[in-house]
Amino acid sequence: MTTLLNLHRVKYQCSCGSFKSLCYLYFCRHCLKIKCKDCVILEVDCRFCPSCYEHLQSHEAITRKNRCQSCFSCPCCNHTLVTRATNTSAAMPVSLNTTPDSGNTGGGDADESISSTNVSGLQTPSKKVYYLACSVCRWSTRDIRLADQPTLNSWKAQDNIHEGRFNELLQHYKQIATREKQERDRKRYSTVKLRSALPTATTSRSSSDKYGLLAPVTRRGIRTSGILKSPSLAESPNPTNSTLKPSDPITEIEPLDENLFLSNTFDFNKLTTITQRLNSVEIQPLIVDRLYPLAKHFTSKQSKRCKECDHNVLKPEPSPKLIKFKLHQMALFFIPEIRIWHHPAWSTTESNPCVLSIVNQLDEQTTLKLYTLDEIREENTDKDLIDRINQLDEYILTSQLTLPMTKDRSVKLHPHVEPNETDTKLDDEFRQNDSRELVLYRKFAKIAIRCYIKLKSSSVKTILGAFIIEHRVVGISPIVSTPTAISSNPVTRNVRHIILIDFGPTDKPALTLHSSLA
Amino acid sequence: MTSFIDSLAASEKTAVVIDIGHAYTKCGFAGNSSPRHIVPTTVSIRGETKRVFEDNLDLASLRERLTEFIRLVYYKYNIANCRERRVVIVESVITPTRIRHLLADILLKQFEASSLAFVSLHLGATYTLGRSTALVLDVGYIEAQIMPVAEGVPLAVQFDSLSCAGQAIHKQIESLLTQHASVTHQGRKKSFAEANIQLSEDTLEDIKVRCCFVSPFTRAQSYSKLSSDTTFKEAASTEYTLGPETIIHIPGVVREFACEVLFEQDIDGKSVATLILDALIQASLDLRRQFADNILVIGGTAMLPGFLHRLNAELKHLVNISTYVNKLAIREFHFHSPPAQLNYAAWLGGSMIGALDTLESQSILREKYLENGIVPDWFTGEQAA
Numbered sequence: 001m002t003t004l005l006n007l008h009r010v011k012y013q014c015s016c017g018s019f020k021s022l023c024y025l026y027f028c029r030h031c032l033k034i035k036c037k038d039c040v041i042l043e044v045d046c047r048f049c050p051s052c053y054e055h056l057q058s059h060e061a062i063t064r065k066n067r068c069q070s071c072f073s074c075p076c077c078n079h080t081l082v083t084r085a086t087n088t089s090a091a092m093p094v095s096l097n098t099t100p101d102s103g104n105t106g107g108g109d110a111d112e113s114i115s116s117t118n119v120s121g122l123q124t125p126s127k128k129v130y131y132l133a134c135s136v137c138r139w140s141t142r143d144i145r146l147a148d149q150p151t152l153n154s155w156k157a158q159d160n161i162h163e164g165r166f167n168e169l170l171q172h173y174k175q176i177a178t179r180e181k182q183e184r185d186r187k188r189y190s191t192v193k194l195r196s197a198l199p200t201a202t203t204s205r206s207s208s209d210k211y212g213l214l215a216p217v218t219r220r221g222i223r224t225s226g227i228l229k230s231p232s233l234a235e236s237p238n239p240t241n242s243t244l245k246p247s248d249p250i251t252e253i254e255p256l257d258e259n260l261f262l263s264n265t266f267d268f269n270k271l272t273t274i275t276q277r278l279n280s281v282e283i284q285p286l287i288v289d290r291l292y293p294l295a296k297h298f299t300s301k302q303s304k305r306c307k308e309c310d311h312n313v314l315k316p317e318p319s320p321k322l323i324k325f326k327l328h329q330m331a332l333f334f335i336p337e338i339r340i341w342h343h344p345a346w347s348t349t350e351s352n353p354c355v356l357s358i359v360n361q362l363d364e365q366t367t368l369k370l371y372t373l374d375e376i377r378e379e380n381t382d383k384d385l386i387d388r389i390n391q392l393d394e395y396i397l398t399s400q401l402t403l404p405m406t407k408d409r410s411v412k413l414h415p416h417v418e419p420n421e422t423d424t425k426l427d428d429e430f431r432q433n434d435s436r437e438l439v440l441y442r443k444f445a446k447i448a449i450r451c452y453i454k455l456k457s458s459s460v461k462t463i464l465g466a467f468i469i470e471h472r473v474v475g476i477s478p479i480v481s482t483p484t485a486i487s488s489n490p491v492t493r494n495v496r497h498i499i500l501i502d503f504g505p506t507d508k509p510a511l512t513l514h515s516s517l518a
Numbered sequence: 001m002t003s004f005i006d007s008l009a010a011s012e013k014t015a016v017v018i019d020i021g022h023a024y025t026k027c028g029f030a031g032n033s034s035p036r037h038i039v040p041t042t043v044s045i046r047g048e049t050k051r052v053f054e055d056n057l058d059l060a061s062l063r064e065r066l067t068e069f070i071r072l073v074y075y076k077y078n079i080a081n082c083r084e085r086r087v088v089i090v091e092s093v094i095t096p097t098r099i100r101h102l103l104a105d106i107l108l109k110q111f112e113a114s115s116l117a118f119v120s121l122h123l124g125a126t127y128t129l130g131r132s133t134a135l136v137l138d139v140g141y142i143e144a145q146i147m148p149v150a151e152g153v154p155l156a157v158q159f160d161s162l163s164c165a166g167q168a169i170h171k172q173i174e175s176l177l178t179q180h181a182s183v184t185h186q187g188r189k190k191s192f193a194e195a196n197i198q199l200s201e202d203t204l205e206d207i208k209v210r211c212c213f214v215s216p217f218t219r220a221q222s223y224s225k226l227s228s229d230t231t232f233k234e235a236a237s238t239e240y241t242l243g244p245e246t247i248i249h250i251p252g253v254v255r256e257f258a259c260e261v262l263f264e265q266d267i268d269g270k271s272v273a274t275l276i277l278d279a280l281i282q283a284s285l286d287l288r289r290q291f292a293d294n295i296l297v298i299g300g301t302a303m304l305p306g307f308l309h310r311l312n313a314e315l316k317h318l319v320n321i322s323t324y325v326n327k328l329a330i331r332e333f334h335f336h337s338p339p340a341q342l343n344y345a346a347w348l349g350g351s352m353i354g355a356l357d358t359l360e361s362q363s364i365l366r367e368k369y370l371e372n373g374i375v376p377d378w379f380t381g382e383q384a385a
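Going down the list, the protein sequences come from chains V and P. UniProt numbering applies: residue 1 is where the first sequence begins, and numbers increase by one. UniProt numbering applies: residue 1 is where the second sequence begins, and numbers increase by one.
It is possible that some hints are incorrect.
Cross-link-like lysine-lysine pairs, in silico, DSS-like; alpha carbons within 30 Å at most [said to hold, decoys possible]:
1) LYS443(V) to LYS425(V)
2) LYS225(P) to LYS270(P)
3) LYS13(P) to LYS326(V)
4) LYS37(V) to LYS109(P)
5) LYS20(V) to LYS109(P)
6) LYS181(V) to LYS245(V)
7) LYS425(V) to LYS412(V)
8) LYS270(V) to LYS190(P)
9) LYS65(V) to LYS174(V)
10) LYS156(V) to LYS13(P)
11) LYS412(V) to LYS443(V)
12) LYS324(V) to LYS37(V)
13) LYS326(V) to LYS315(V)
14) LYS109(P) to LYS65(V)
15) LYS20(V) to LYS324(V)
16) LYS187(V) to LYS13(P)
17) LYS65(V) to LYS156(V)
18) LYS456(V) to LYS383(V)
19) LYS315(V) to LYS109(P)
20) LYS76(P) to LYS326(V)
21) LYS76(P) to LYS33(V)
22) LYS13(P) to LYS307(V)
Between beta-carbon pairs, the in silico distance windows are [unchecked claim]:
23) LEU57(P) to LYS326(V): 37 to 43 Å
24) ARG331(P) to THR83(V): 55 to 61 Å
25) SER191(P) to THR299(V): 46 to 52 Å
26) GLU258(V) to SER191(P): 27 to 33 Å
27) ASP289(V) to GLN179(P): 32 to 38 Å
Rather than coming from a laboratory, the hints here were simulated on the basis of the structure. Computed from a predicted structure; not experimentally measured. The beta carbon of each residue, even a glycine, is placed where N, CA and C say it ideally should be.
Isolated chain V (complex conformation) (with noise of 0.2 Å):
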């Protein structure tokens, strides 16, 4: 849809400079300005799995590792993982399988009928076991010969087998820098007091700081010479109490594994991709055989908030299955959607006239104010809006886009209507107030204006042009803290804003004109 609305070729400037097609851009209705992606500040609002939406708090889900614990992804292709049951009874000394799901390749045993009966006739009492497999891969546990649950949600994570070491060391470390920052707090505190004293006491350098100098030396050698001073200072009062073990040297390097890369055998299908082995961090499995399911991670939900006002721009339902929001506020809710609906066969010399398409897609009827570059300039009112502007066209700009009608261009727009609307009436009223010479067609909430384009040069290779667009837009005020203000009164103004249109090559032909514009 995006080719044939052709949305990458109508941006629309944000406040921080910046051209975005209408429908990436948010609208702060405090401080009434566009935002863009980069001028909001994401927050996580919901942590969820996103195969089975368990939803948990921030603070647990820190503790999960933002891992689900009952969903799996497949190693091999990273597509969920489904359960799948068999009966096993539970005293033959070989498990004979019957599968009661049909259509069940994934286990590598053969599908046999076989009654759960042991050789003296007697029934024995069949247990359901678990067993993960992937209906996109083939992949199951049975092929990493992991046993079958009996009870469903038991699959253990695999341990990281140097966590014991790491814990070790960080506590080692960590009860150095703590001693190290007592002791700077207490350097800091002593210091003041000698500065306080005569000035002729003798302190030893180091601690010593009377006119500044030395600060940066100090802090220099605290930060360069890192936490990793000895531990025999003679003013620690606490000595250390842990005794780390530093690590030992290898003592037999592991020569290459001959039988594996050298054998006529070889296969390099057994061994795994790299992004099969970067999926579990930890482990790191070489050959196939080694893989294991792995624990779903979480996904989230975002809020946007605008960076002026601190106010939600964007705030999804906390529960991860509505895709609703609770506030929405998008650019396109509130300044009407430009499209680009005709242009001809461009010629470089003359002015070539060009239709536009501006759509309301708000519910209230807007009276739209159309500006070329130039007014503007004439205006000199807004000097903001004139850099803006004159920055534009010296850098970007290729030609200049020029309205019909000398002044006061102004369209009022319908609200926005369901498809099957029918009634007309709003429709005429407002035909008959429009000038010919500007708007060409007008339905609903639609209408189509005129613009003519002229080329500032012959060398152009993109034809790029803008013109301005003035507005109503209802803000919400600021939150006043008197009890007697009963009605606030909403803060309404007219806001402007530049629009880039990009109509394309040079070379490309004219648009099919719509029967109803000839």
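Starting from the structure of chain V, add chain P where the hints point.
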């Protein structure tokens, strides 16, 4: 069972630790024993996947890609708010200044992190050993970097790097395939050069990871001294399926000797092994024995099968030949193994540093940065005063 430390670390205010490499990025939280994700350093712009650190990018596009990538790291992979959290970036000492400034600008101004700390990856790696003196060699994608760390002080002046790493292996695979391999395309067999196939970086990486290995020292020596009458038992060849119609027949020589580019001495006589020996020669005499006993090799490319064994054999061989025999008295080398997989060992060091109380004194605070815009650099000597 999550340990006591992990549950302490699992709070809203833990620092985020990111190690942005040229090929892969490791991201996670401080105090954890492994990163949450290792992802390729790519972003998808307008539908195409592009590397963040492509060559010859202008500042504006680099900034756009880096912003998008950091947004992904925070909200898709780590799922953590950026505001009010500290960030630790693990990086090498020779990261270009413009990238450091860009990161500081993006993280502190745009994403409003509370503080940013740049940690040298070589120093961080020594924390994982519990030792304060070590010679750290990081073999990554673009280059192999070596830096000695003595008593907790990274000796940045003795830093050295060589561009024989992952990318060099990829290029060598391509050139060896052109020389030796054959392709079956649509049923017809032809040589690789004729078939004129372009291999993407991902395919080359897959060939490197699954088919190639580092040949043991004795075999490599006998291959280089090959004469027509001695026989050399080649490794098995493999058939690599490239697409529905194309199969590449990779002969054993390509599989075995693609990684030789790491150990072959180039025109200046340098290789990954000589990096270590030159670093030892440059080091002061009293530290040499300590460095030689504490060599730490990290980085994704060092995880190639047979790498460490070959490196050790090369070192033992090189100390006995003319260039080094008179300069270095050391004949034995000892390597260490960190409590992590080699490709995230540097991240682990950053995670430890990020969990300490002294992190604040090492970081650039947001308020200070907004005031004076200084990113302290060992190179320029600026302080975050």
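### Message
Checking one constraint from the list: CA of LYS156(V) to CA of LYS13(P), max 30 Å. Satisfied?
### Response
28 Å, holds
### Task
Assess, step by step, whether the Cα of LYS326(V) is no farther than 30 Å from the Cα of LYS315(V), and give holds or violated.
5 Å, holds
### Task
Could you tell me whether the CB distance from LEU57(P) to LYS326(V) stays inside 37 to 43 Å?
39 Å, holds
### Message
Would the hint linking LYS20(V) and LYS324(V) be met if the CA-CA limit is 30 Å?
### Response
OK: LYS20(V) and LYS324(V) at ~24 Å, within 30 Å.
### Query
Taking the beta carbons of ARG331(P) and THR83(V), is their distance inside 55 to 61 Å?
At 59 Å between Cβs, range holds.
### Holds or violated: LYS13(P) to LYS326(V), with C-alpha atoms at most 30 Å apart
27 Å, holds
### Task
Sort out whether LYS13(P) lies within 30 Å of LYS187(V), counting only the CA atoms.
27 Å, holds
### Query
Is the hinted pair LYS109(P) and LYS65(V) satisfied, with a Cα-Cα distance of at most 30 Å?
Cα-Cα ~28 Å, so holds.
### Message
Just to be careful, I want the Cα atoms of LYS456(V) and LYS383(V) compared with a cutoff of 30 Å; is the pair within it?
### Response
25 Å, holds
### Query
Do the alpha carbons of LYS443(V) and LYS425(V) lie within 30 Å of each other, as the hint requires?
11 Å, holds
### Query
Does LYS425(V) pair with LYS412(V) here, judged by a C-alpha cut-off of 30 Å?
14 Å, holds
### Query
Falls inside 27 to 33 Å, the C-beta gap from GLU258(V) to SER191(P)?
Cβ of GLU258(V) to Cβ of SER191(P): about 30 Å, so the range 27 to 33 Å holds.
Going down the numbered hints, you'll see the structure goes against none, and every one checks out.
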